[in-house]
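*Asks:* Keeping the supplied structure of chain A fixed, place chain B upon it in accordance with the hints.
Keeping their order, the protein sequence lines are chains A and B.
Once you know that position 82 of the first sequence is 81 in numbering that gives the first Met the number 0, the rest is easy, because the numbers rise by one and skip nothing.
Once you know that position 21 of the second sequence is 20 in numbering that gives the first Met the number 0, the rest is easy, because the numbers rise by one and skip nothing.
It is worth saying that the hints were derived from the structure and are not from the lab.
Keep in mind that a hint or two might mislead.
As the list claims (entries may be wrong) - Simulated DEER-style distance windows between Cβ atoms:
| # | chain 1 | residue 1 | chain 2 | residue 2 | range |
| --- | --- | --- | --- | --- | --- |
| 1 | A | Ser-37 | B | Gln-60 | 20 to 28 angstroms |
| 2 | A | Met-52 | B | Thr-94 | 49 to 57 angstroms |
| 3 | B | Ile-126 | A | Leu-166 | 54 to 62 angstroms |
| 4 | A | Leu-61 | B | Ile-126 | 16 to 24 angstroms |
| 5 | B | Lys-125 | A | Leu-166 | 50 to 58 angstroms |
| 6 | B | Cys-77 | A | Ala-209 | 55 to 63 angstroms |
Ideal Cβ placement from N, Cα and C applies to all residues, glycine included.
Spelled out, the chains give:
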Amino acid sequence: MGIFVYMQNETTKIAVLVAISTLVFLLMPVFLILYIRSYNRHKKNHFLEKQNMRQRFESEILQTRIEVQDQTMQSIATELHDNVGQLLSLTTLTLNSVNLNDAAKAKKKIENSLSLVNKSIKELRELAKLLHGEQLVENGIGHAIDQEINWLGKAGTYELQTNNKLLESEIVSPDKDLIILRLLQEIINNIIKHAHATHIEIDSYLENNALYLKVSENGIGFNTEEVKAKKSGMGLNSIYKRIEMINGKLALNSEPGKGTSIAIEIPYP
Amino acid sequence: MVWKDRYIFWKIVTCYIAIALCTELFAIYLASHHQHNLWLFNIFLIFESSTILYGLYYCLQEYTNPKPIFFIGSGTVCLTYFYFLVTQPFSESNTLTISVMSIVFTLYCLYYYYLLLKDENFINIKIHPQFWWVTGVLFYYFGSTMSNIFDGMFTIKIIGIATLRYCIYVLLNLILYSLWVYSFICRMKQRKLQS
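Isolated chain A (complex conformation):
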């Protein structure tokens, strides 16, 4: 009788143990699901954030492309107005003044007009190259930078010292190239508009999977802290924003009266 009661007690203990542990074993998957749910939500947020960033980057690329196009068009318009337009006006004037009765003078004037027209054709070819330059990014950033330097050199206003080692490089990164070209355009624009420089140095090269672009000039310079604090003018903000977007670094050195130098380092490709 005693043994029977003891066994029944043991059975009850095991039954209670099994019931409790089964409940615990059922609760564990519940917590597991809750954990997965919360983790999944974080993953979803992260994914959406990444998607958002990618969209922002793409829209910025689009914006940059439009700006590069604008810049090219502006350059072409200036060239047409200041150069080709003047040459053709001069040709018209010369041709208008031709007196057919004076054969010797007329011949000289026609020859002069012909040389002016030839010069205009040459200038137009140069312009066509510039227009093509916009697509040059596709051939590599080196060519695009070279085109930009050529255009700057043609004006003859600046004494240029360039060292573009990117021409030899075969590595390309289309999106970054476009942004880098726009950065250079922005910097050159700033020099033209504000710096009053006479000498410009441009260096570009690749080293340890990074692209370096250094531009320095001997212009009037400015107080960097003041400009940074103002957060306006000279397109510095857009330069910083774009550099940040492609994980690059920018070092800006300038002092009033001592010129400005900008060094950019961008992970590449």
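*Replies:* Okay, now just chain B, sitting in the frame of chain A:
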């Protein structure tokens, strides 16, 4: 509706549920005639283990190549079953195979969760049919672990003639089939979205 599904997995699961239902009905019939029905459950065990193994294989396939681990898992279950066939009469309860099977299935379910968390893409858990199918399996096999281990050691009756083991299994079956029904609903929604 299920028969129109292009994935064979959902058809197999439906067939399995039908087999499970027939087995239960036949087992009740045998019990009512005071005949042993354990041999029936031992036959059903073959369908059960192969279907769940296939289902888990199908779910894991989405994230990895599960062939190597499935060879090991199904090999272990088969060996245990053969060991039972050799050592014990067929009319006995095959607790060993059920216990081994439960452990193997639980590990696969946890591995599925691990891969799900590791995967870069996120899924919408609320409407993901495979997730709820695996969850049902995990609840059932993980929850039955203690009952399997202490099988035969607690023949205590709690509600009238129903033993504790019986009550636990009713609860587990309820959870399993509810989750599977939900997974079928999710699958139906998914198909509607895809069509």
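*Asks:* Decide, hint by hint, whether the structure agrees.
*Replies:* These are the hints, each one checked on the structure:
At about 26 angstroms, the beta-carbon gap between Ser-37 (chain A) and Gln-60 (chain B) stays in the expected band of 20 to 28 angstroms. In this structure, Met-52 (chain A) and Thr-94 (chain B) meet the distance hint of 49 to 57 angstroms, their C-beta atoms being roughly 56 angstroms apart. In this structure the hint that Ile-126 (chain B) and Leu-166 (chain A) lie 54 to 62 angstroms apart at CB holds, the actual value being about 55 angstroms. Taken as a hint, the range 16 to 24 angstroms is violated for the pair Leu-61 (chain A) and Ile-126 (chain B), whose Cβ atoms sit roughly 35 angstroms apart.
For Lys-125 (chain B) and Leu-166 (chain A), the Cβ-Cβ distance of about 56 angstroms falls inside the hinted range of 50 to 58 angstroms, so the restraint holds. Roughly 58 angstroms separates the CB atoms of Cys-77 (chain B) and Ala-209 (chain A), a value that falls within the hinted 55 to 63 angstroms.
The structure shown violates just one earlier hint, number 4.
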